[in-house]
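Enquirer: Below, each chain spelled out in residue letters.
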Amino acid sequence: MAVVTALLLVRATSADVLPDDRADLFYSKYSGGGMDITGESVLVRKKFTEDFALEASYFVDKVSGASIDVLSQASQIKDERKQKSGTAEYVHDKTTYSLSFINSVERDYKSDTTSFSLKQDMFGDLTTLTVGYAHTDDAVGENNGTAFVPVIAWLGHAQSNSYNVGLSQILTKNWIAGLNVNVITDNGYLANPYRSIRYLDSSNPKGYSLGSQVYPDTRTSTAVQAEAKYYLPYRAALTGSYRYFRDTWGIVGNTYEMDYTHPLKNIWILEGRLRFYKQNQATFYSDLFPFADSQNFMARDQDLAASENTTIGAKVTYAFLPDGWKMFKRGTATFDVSRISFHYLDFRNIKYYGVPDYLPGTEPLYFFNATVYQIYMSMFF
Amino acid sequence: MRRVRPVLLVGVMLLMSACSSIQPWVKPYERDRLADPIMAWDRDAISSAYLDHIREAREGSRGATGSAGGGCGCN
Amino acid sequence: MSSSTTKLFRRCAMAMIVIASTAFAADAGGPAPAFTLAALSGGQSGLSQYKGQVIMVNFWATWCGPCQQEMPLLDQMYKKYKPAGFTLIGVNVDKEAPAVKELLARKPVSFPVLLDPANQVSKAYHVDEMPSSVIIDRKGEIRYIHRGYKPGDENDYQDRIRQLIRE
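Chains as they are written, first to last, in this note's numbering: chain A, 10 to 390; chain B, 999 to 1073; chain C, 11 to 177.
Treat the hints with care, since some could be wrong.
Covered, in the sense of this in silico footprint (three residues per stretch, anywhere, with C-beta under 8 Å from a C-beta of chain A), are these stretches of chain B [unchecked claim]:
id : stretch
1  : 1041-1054
2  : 1057-1068
The list that follows gives simulated cross-link-like pairs (lysine-lysine, DSS-like), each with its CA atoms no further than 27 Å apart [claimed, not checked]:
id : chain 1 : residue 1 : chain 2 : residue 2
3  : A       : Lys335    : C       : Lys117
4  : A       : Lys338    : A       : Lys55
5  : C       : Lys111    : B       : Lys1025
6  : C       : Lys160    : A       : Lys338
7  : A       : Lys103    : A       : Lys338
8  : C       : Lys160    : B       : Lys1025
9  : C       : Lys117    : A       : Lys55
10 : A       : Lys56     : C       : Lys160
11 : A       : Lys182    : C       : Lys160
12 : C       : Lys117    : A       : Lys338
13 : A       : Lys55     : A       : Lys287
It is worth saying that the hints were derived from the structure and are not from the lab. Think of the CB as a built atom: it goes at the ideal place given N, C-alpha and C, for glycine as much as any other residue.
Using the sequences provided together with the hints, build the complete structure.
Expert: Here you go:
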């Protein structure tokens, strides 16, 4: 879905010169909210001429555990997602053209994204304009069996078109600022098949019954991010960014992020980050509906609930080959840890709390902490 | 609109010619700090992509997460 | 668009192209500004020291990728044409000397390297691209300015140097 477009728009380079060739080996682990997800990835990038480079990567995500939404004790999730991507980049004068393909496959979800972008340096290379378009096709399915004996039912398709424009401006020798606008339109099957809504039902001993979600079949969103980086005189960098998000489902999200990077000679780079995110709920979201079919559209997916999350992260990069060795220009190893605490403002923890201690609608609000570890090695050549 | 069109055209042309005569106020030989790897918007693309992926799976927001530009400005 | 608008459009486009091209005009054809800078190896050195020779002044920095790429090729070119009356002066624009010394200790060059941390010489030569190579003839006139570096450009440098040596 739009998840994969995030993976594409992250690339950042100085347009006239293609980045150095590199190979990265990456391992990550996410632990939190009852889920354990490990990720392994390899990425290789190579210039074939001064103007043309190819990049390819392979990523495997393994999910195990049971999230808050898995209410029936029988189905623990155990799933694997494989993602392949390839990018071609071509530079001519002050313009960089880039074409990417991403294919992501898991048992119950398939996604294909094609994207194209153009990056232009202007005004003495002080300004960079980026324009991009991405198209995604998804097939959404549901596993009606178990983790070990899956029975997949394909429920529908979804399509997404993402348009982005970015402007980056060097303000002084020490300052650079950027502004990004990204409009995404989705249509098709947009719901998560594993979530259910709940509604008050006195005939049920729990006080509520589960029902199917009903999602609109379109969604349009706009995100605008402003960011700036400043070079501190003793050699360090401070970054601040703010993103405003709004969509046709009534969600308004605000993201604030701050980052401090501190190098030590040519060998170590230390980095600290702080991120705060807050969103309100979608118009058709409710933790507890008054009765069955009370609205045209109904959702109880925690992604659409009113929530906040705060991240504190630290990263250490060690250059074990600071000046290169044979064909390698540089080699680094990085360890990165983030601690994220999620708080929901209108999504209740009904997995562990219920009658008789808590009547429907009074269960404690859900919250959880997650830790994300990343270890990777990068070789530049 | 017919009268406005030529005026708009001239306006854009003048603006563009004015812009092309603005000398860059940060000269190519003054970009040492901007060329420093710590000033790159994104030093580790795999890592940021992964963190973005985690967030998008749990938040309603999506998009607009990358900037380009800066750096050495060579060639 | 009406025909009067089309004419106006054409005239404005021409005017814009003229203005744009003058904004990027080279300084080729003028005398090379004299300069004296501290040399990395010690002492002072300048353009006047090489009067009568064909000179290439190469502006470079330790933080500039393409500059690093062309250095070994410039070194080869210097060794090859020095006996014929050619000299290459590397003008480094880094703000601090230690990084320059450290880089040249690992990847030495035989041509003289001068330091321009205050960027006076870069300004005098209107350097608008990194790297830049300014080729000066025996009479001290700037004959050609090469902006940027892409593999293969060294052939271009050699052609021009040979041409000026023959004059």
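Enquirer: Between the alpha carbons of Lys117(C) and Lys338(A), is the straight-line distance 27 Å or under?
Expert: Satisfied, since the Cα-Cα distance of roughly 13 Å is no more than 27 Å.
Enquirer: Does Lys335(A) pair with Lys117(C) here, judged by a C-alpha cut-off of 27 Å?
Expert: 13 Å, holds
Enquirer: Taking 27 Å as the top limit, are the C-alpha atoms of Lys182(A) and Lys160(C) close enough?
Expert: With a Cα-Cα distance of about 25 Å, the restraint between Lys182(A) and Lys160(C) holds, given a limit of 27 Å.
Enquirer: For Lys103(A) and Lys338(A), compute the direct alpha-carbon distance and say whether it is at most 27 Å.
Expert: 25 Å, holds
Enquirer: Checking one constraint from the list: CA of Lys111(C) to CA of Lys1025(B), max 27 Å. Satisfied?
Expert: 23 Å, holds
Enquirer: Just to be careful, I want the Cα atoms of Lys55(A) and Lys287(A) compared with a cutoff of 27 Å; is the pair within it?
Expert: 39 Å, violated
Enquirer: Does the alpha-carbon distance linking Lys117(C) and Lys55(A) stay inside the 27 Å limit?
Expert: 24 Å, holds
Enquirer: Is the straight-line distance between the alpha-carbon of Lys160(C) and that of Lys1025(B) 27 Å or less?
Expert: 20 Å, holds
Enquirer: Compare the distance between the alpha carbons of Lys56(A) and Lys160(C) with 27 Å, and conclude whether the hinted pair is satisfied.
Expert: At roughly 13 Å apart (the allowed maximum being 27 Å), Lys160(C) and Lys56(A) satisfy the hint.
Enquirer: Verify the proposed pairing of Lys338(A) with Lys55(A), using a straight-line Cα cut of 27 Å.
Expert: Since the Cα atoms of Lys338(A) and Lys55(A) sit roughly 14 Å apart, the hinted pair holds (cutoff 27 Å).
Enquirer: Three residues or more, CB to CB closer than 8 Å: is that satisfied between the stretch 1041-1054 of chain B and chain A?
Expert: holds (count 14)
Enquirer: Is the listed coverage of the stretch 1057-1068 of chain B by chain A valid when you require three or more residues with a beta carbon under 8 Å from a beta carbon of that chain?
Expert: holds (count 12)
Consistency with the previously given hints fails for number 13 only.
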